[in-house]
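Q: For reference, the chains in residue letters:
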Amino acid sequence: MSFIVNLALGLLFGVGLIVSGMADPAKVLNFLDVFGTWDPSLAFVMGGGVIVAFIGYRIVFGMKAPILGGKFQVPTRRDIDSKLLAGPALFGVGWGLGGFCPGPALTALGLGSTGILAFMPAMLIGMWAARMLSEGGAKLRPA
Amino acid sequence: MTEFTPIASLIGGALIGLSAVLLMAFEGRIAGISGIASRLLPPWSGEALGGRLGFVIGLVAAPFLWMAATGEGVMQTVSANVPLMAAAGLLVGFGSVWGSGCTSGHGICGLSRLSPRSAVAVGTFMATAFVTVLLTRHVIGG
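If you're matching them up, the sequences are chains A and B in order. Position one of the first sequence corresponds to residue 1 (our numbering), numbered consecutively onward. Position one of the second sequence corresponds to residue 1 (our numbering), numbered consecutively onward.
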C-alpha cells in the first residue's frame, strides 16, 4: 500500500516539476541569471508550492496520525551548524553549474540525455559519500 | 532565452506542494527528494524502503505519464558537457545530503513549516547558485 501511494505521489510531484518548468535546466539557469536572460518563473513554482504546503500542513497536523499509520516525522532541530551552511553552499554551486537539483534530475533520467547520464551517477556518489561521512555508516546498521 | 510562464509555474508548484502535503498525510514524512533518494543507497535501514522506492520510480516515470497523457514532449535543455555535469552532480548530491535537504525538503517543505534551518539553507544555496551563474555566464564564460 505504501509503495502504491508513494508511486502516485512521486508521479504527482514529477508532473508538477514538468508543468512548472523546473524540470528544464535551461529555465533554472535563466532564473539564476538575474543580470542576463532572467526568467523569474521559478519564483512562482516556489510560491505555489509553499502556499499549498503552508495551508495543507496545517490541516494535516490537525490529524491524530498519518493515514497509513505511524507518527508524523518532522525535523525538530533549530540550531544552525557549519554543515547547514557548507552543504547548501556546495549544493548551490552544483545547481548553478548543471541546472539540476535532485527531483528534476530524476525526472530527466529516463529521457537519457548525455548530461543526465553524467550527472546522475555523480549525484548518487556524492549523496553516498555525504551519508558515510556524516553518519559514519555503522550507526545505520541495526545492532 | 526561456519564456516567462507565471501561471504554469504557479500551477506546477501547487502540484508539488500538494504531493508534499499528501505524503505527510499518508506517511507522516517530509517530501525531501535528496533524503528519499539518498536513503535508497546502502547501507539500508530497512525502514520505509518500499515507499521511498515507489516515490523515486514515480518521479522517473512522470515524464512518460505526461507524454502519454498530453501527447506533448517534455522540454529539457541539458548541457552535454560531461565533466561539468559530473562535477555538478557530485556537488548537488554531496551538498544536499550534507545540508540535510535540497530545493524540496528545505525549499517547499521547510519554508512552509517556517523552519529557521531551512530559511538559512535556502538563502545559502540561492546565493551560491546566483554567484555561480554570474561567474560562469558573465565573468568566465561571458
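Honestly, the hints are just simulated from the structure, not real lab data. Please note that a few of the clues may not be correct.
Stated by the list, open to error - Restraint-style ranges between C-beta atoms, simulated for each label pair:
#1 His138(B) / Lys64(A): 50 to 58 Å
#2 Val139(B) / Gly69(A): 39 to 47 Å
#3 Gly62(A) / Gly71(B): 39 to 47 Å
Here a beta-carbon is modelled for each residue, glycine too, at the ideal position from N, C-alpha and C.
Q: Name the hints, by number, that the structure is in violation of.
A: Hint 2 contradicted; others consistent.
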